[in-house]
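Student: Could you put together the complete structure from these sequences and hints?
The listed protein sequences correspond, in order, to chains A and B. Residues in the first sequence are numbered from 1 upward in steps of one, following this note's numbering. Residues in the second sequence are numbered from 1 upward in steps of one, following this note's numbering.
A couple of the hints might just be wrong.
Facing chain B, a subset of chain A residues (Cβ under 10 Å, in silico) [stated by the list, open to error]:
#, residue
1, Tyr71
2, Ile75
3, Pro76
4, Gly154
5, Ala190
6, Asn191
7, Arg220
8, Val222
9, Leu224
10, Ala227
11, Leu263
12, Ala269
13, Gly275
14, Asp303
15, Pro307
16, Gly309
Since the hints were derived computationally from the structure, they do not count as laboratory data. As the structure is a prediction and not an experimental result, all values here were calculated from the model. We treat Cβ as the ideally placed atom computed from N, Cα and C, and that holds for glycine.
2 protein chains.
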Amino acid sequence: MPEASSSPQILISEVGPRDGLQSVSAIMPLEARKAWVAAEAAAGVREIEVGSFVPAKVIPQMAGTAELVAYAREIPDLTVAALVPNLRGAQDAIEAGAHKISIPFSVSETHSLKNVRRTHDQMIEQVRAIAELVAQQPEEQRPHFEAGLSTAFGCTLEGPVSDDLVVRSAERLIEAGCAEVGLSDTTGYANPAQVRRLIRKVRAAVGDDKLTGVHLHNTRGVGLANALAALDEGITTLDSSLGGLGGCPFAPGASGNIVTEDLVFMLEAMGYDTGIDIPALMKVRDVVRDALPDEPLYGFIPDAGLPLGFAHA
Amino acid sequence: MPEASSSPQILISEVGPRDGLQSVSAIMPLEARKAWVAAEAAAGVREIEVGSFVPAKVIPQMAGTAELVAYAREIPDLTVAALVPNLRGAQDAIEAGAHKISIPFSVSETHSLKNVRRTHDQMIEQVRAIAELVAQQPEEQRPHFEAGLSTAFGCTLEGPVSDDLVVRSAERLIEAGCAEVGLSDTTGYANPAQVRRLIRKVRAAVGDDKLTGVHLHNTRGVGLANALAALDEGITTLDSSLGGLGGCPFAPGASGNIVTEDLVFMLEAMGYDTGIDIPALMKVRDVVRDALPDEPLYGFIPDAGLPLGFAHA
Numbered sequence: 001m002p003e004a005s006s007s008p009q010i011l012i013s014e015v016g017p018r019d020g021l022q023s024v025s026a027i028m029p030l031e032a033r034k035a036w037v038a039a040e041a042a043a044g045v046r047e048i049e050v051g052s053f054v055p056a057k058v059i060p061q062m063a064g065t066a067e068l069v070a071y072a073r074e075i076p077d078l079t080v081a082a083l084v085p086n087l088r089g090a091q092d093a094i095e096a097g098a099h100k101i102s103i104p105f106s107v108s109e110t111h112s113l114k115n116v117r118r119t120h121d122q123m124i125e126q127v128r129a130i131a132e133l134v135a136q137q138p139e140e141q142r143p144h145f146e147a148g149l150s151t152a153f154g155c156t157l158e159g160p161v162s163d164d165l166v167v168r169s170a171e172r173l174i175e176a177g178c179a180e181v182g183l184s185d186t187t188g189y190a191n192p193a194q195v196r197r198l199i200r201k202v203r204a205a206v207g208d209d210k211l212t213g214v215h216l217h218n219t220r221g222v223g224l225a226n227a228l229a230a231l232d233e234g235i236t237t238l239d240s241s242l243g244g245l246g247g248c249p250f251a252p253g254a255s256g257n258i259v260t261e262d263l264v265f266m267l268e269a270m271g272y273d274t275g276i277d278i279p280a281l282m283k284v285r286d287v288v289r290d291a292l293p294d295e296p297l298y299g300f301i302p303d304a305g306l307p308l309g310f311a312h313a
Numbered sequence: 001m002p003e004a005s006s007s008p009q010i011l012i013s014e015v016g017p018r019d020g021l022q023s024v025s026a027i028m029p030l031e032a033r034k035a036w037v038a039a040e041a042a043a044g045v046r047e048i049e050v051g052s053f054v055p056a057k058v059i060p061q062m063a064g065t066a067e068l069v070a071y072a073r074e075i076p077d078l079t080v081a082a083l084v085p086n087l088r089g090a091q092d093a094i095e096a097g098a099h100k101i102s103i104p105f106s107v108s109e110t111h112s113l114k115n116v117r118r119t120h121d122q123m124i125e126q127v128r129a130i131a132e133l134v135a136q137q138p139e140e141q142r143p144h145f146e147a148g149l150s151t152a153f154g155c156t157l158e159g160p161v162s163d164d165l166v167v168r169s170a171e172r173l174i175e176a177g178c179a180e181v182g183l184s185d186t187t188g189y190a191n192p193a194q195v196r197r198l199i200r201k202v203r204a205a206v207g208d209d210k211l212t213g214v215h216l217h218n219t220r221g222v223g224l225a226n227a228l229a230a231l232d233e234g235i236t237t238l239d240s241s242l243g244g245l246g247g248c249p250f251a252p253g254a255s256g257n258i259v260t261e262d263l264v265f266m267l268e269a270m271g272y273d274t275g276i277d278i279p280a281l282m283k284v285r286d287v288v289r290d291a292l293p294d295e296p297l298y299g300f301i302p303d304a305g306l307p308l309g310f311a312h313a
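Tutor: This is the structure we're talking about:
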């Protein structure tokens with residue numbers, strides 16, 4: 001192994017243990033969730049969104065996330081991320097020791113009301129309260145606080161979402177105290193031209209360093225083309241899900257995060273450095289399959305295999 | 001409908017009736033092949049590779065291609081393309097009246113020997129003889145003559161294929177009399193960085209106007225990302241197959257052309273003008289399904305549907 005790589009580094013943020021598990025009806029036991037996180041970190045994944053801090057009666061699949069965060073924190077060099085829907089969730093996540101917390105902000109207000117039963121103004125209040133709580137933490141346990149602009153590329157309830165509303169939402173979230181915003185194609189509506197355009201517009205409004213990641217779905221088959229468009233714009237963090245597990249339970253018909261295995265293949269083939277060992281990553285599927293035998297796992301690379309003589313470009 | 005569009009036009013070249021049908025073991029009756037071609041042209045597809053001119057004892061699925069070419073020629077505004085493996089096939093294709101003929105040239109000589117049992121030198125001889133035959137035709141029935149650089153992105157038998165060999169092959173083919181070359185990801189090995197690099201290198205060697213089309217597969221999930229990379233380089237013709245039917249029967253493990261339905265969605269969403277009506281295109285699947293009930297048809301758009309409020313960008 002070379003001591004240092006000159007290839008540009010891309011951070012894959014695995015969201016399967018959160019976005020994947022909360023979308024399937026079966027409940028994965030906590031021990032299996034731990035095994036999944038451990039195996040994927042061992043394959044070289046450096047950031048994992050391990051769960052969300054929601055009441056177990058609302059999303060029982062996410063019960064025990066605090067214990068999972070505490071477990072994952074012990075894994076060296078792993079950034080432990082968690083989703084928080086509100087201030088209460090943020091309090092729990094910080095207490096558990098999450099390195100990074102993300103709150104979803106639905107640019108489509110209809111989707112926001114359906115998903116978290118809050119208006120935009122109410123969400124901004126939550127964000128402001130969380131930002132204050134984060135700022136009060138001693139530096140060594142202060143999490144990175146992000147907001148994800150859900151339905152940024154269109155909404156299954158409202159239809160098209162205006163670029164201006166995405167930009168204004170990003171500005172409000174940064175003003176309310178988020179360190180960063182991300183663009184989320186919650187509904188799988190995005191196309192590469194739109195990805196490029198929205199990244200440029202949001203960055204122009206809030207600064208390049210305040211938009212470094214995107215969350216893409218492959219619902220309409222263009223997920224990796226959208227990822228390529230985002231890379232071209234200088235995005236350095238891409239969310240994906242092992243086996244494509246997951247989607248959004250409150251966006252009807254929308255399913256399918258981009259598949260981590262396929263994304264890592266594309267990036268490594270192009271000469272990016274993800275730090276991830278593809279054969280080891282493939283074996284993580286067994287952990288998920290053993291715990292959720294009835295859930296289909298997706299991915300082209302697992303079916304087709306790597307090209308003959310494949311090597312990091 | 002607006003009288004003229006200011007959107008950049010992209011030509012989708014449907015290859016399902018050739019690449020698709022020769023890859024499946026079932027034989028589609030000639031009448032169904034005609035119905036497929038007619039329905040897809042009616043949906044706005046302006047170029048269709050309707051078949052290949054090979055002996056029916058080698059590929060029985062392609063029997064009757066001459067009659068199909070004659071039928072398709074009567075469809076207004078449709079470019080009727082055919083694949084020819086050699087001089088004999090070219091003679092038959094010209095006699096049948098094909099507007100465009102393509103010969104596959106495997107950059108991997110191992111693949112060439114396996115696929116058409118000819119060395120590179122022998123293939124160049126065929127190309128030279130076909131070019132002479134084409135030149136002898138009266139102008140009104142002279143077909144456009146292309147060569148497809150098969151296995152340009154890697155070979156399932158040889159592994160990596162060098163860029164230099166692709167460039168030298170392109171130069172030899174143009175020198176031998178092809179009007180144009182295309183890059184073919186026969187094996188589904190390509191990645192977007194390689195697509196960009198090879199297009200630039202080949203164009204630098206033979207001229208931009210001598211490489212305007214690429215033939216991509218989605219075997220490893222990155223087919224549409226590769227298409228995006230090709231568009232960025234100025235490629236204006238993209239091959240694809242309805243329902244993703246097809247692949248290469250002599251490249252083990254390689255399957256799956258990019259899906260016409262998904263490609264058209266991506267292009268139209270990005271603001272390109274393909275001239276294709278997506279709902280009409282979707283209905284063409286019924287024609288194929290009725291004639292080949294046991295063949296799986298792929299595609300994300302057929303499963304997920306168009307985004308709510310979708311309109312040509």
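Student: It remains to establish, for every hint, whether it holds in the given structure.
Tutor: Quick rundown of the hints versus the structure:
Taking 10 Å as the C-beta contact cut-off toward chain B, the hint placing Tyr71/A at the interface is violated, the least distance being around 32 Å. With a least beta-carbon distance of about 28 Å to chain B, the hint placing Ile75/A at the interface is violated under the 10 Å criterion. Contact between Pro76/A and chain B, as hinted, is not supported at the beta carbon level, the nearest pair being about 31 Å apart and thus beyond 10 Å. Checking Gly154/A against chain B: minimum C-beta separation of about 5 Å stays under 10 Å; hint holds.
Restraint check, Ala190/A versus chain B: the minimum CB separation of about 9 Å is within 10 Å; hint holds. This hint holds: Asn191/A has a C-beta 4 Å from the nearest C-beta of chain B, less than the 10 Å allowed. Proximity of Arg220/A to chain B holds as hinted, the smallest CB-CB distance being about 5 Å (cut-off 10 Å). Given hint, Val222/A at the interface with chain B, holds; its Cβ is 5 Å from that chain's nearest Cβ, closer than 10 Å.
The beta carbon of Leu224/A is positioned within 10 Å of a beta carbon in chain B (closest approach about 4 Å), and the interface hint is therefore held. Using the Cβ-Cβ criterion of 10 Å, the hint placing Ala227/A at the interface with chain B is satisfied: the shortest such distance is roughly 7 Å. At a threshold of 10 Å, the smallest CB-CB gap from Leu263/A to chain B is about 9 Å, leaving the interface hint in force. For Ala269/A, the shortest C-beta to C-beta distance to chain B is roughly 4 Å, which falls under 10 Å, so the interface hint holds.
Of the supplied interface hints, the one on Gly275/A is violated, with its beta-carbon coming no nearer than about 18 Å to a beta-carbon of chain B, more than 10 Å. Interface restraint check: Asp303/A against chain B, minimum CB-CB distance 9 Å, threshold 10 Å, status holds. For Pro307/A, the shortest C-beta to C-beta distance to chain B is roughly 4 Å, which falls under 10 Å, so the interface hint holds. Because the beta carbon of Gly309/A sits about 3 Å from the nearest beta carbon in chain B, less than 10 Å, this interface hint is met.
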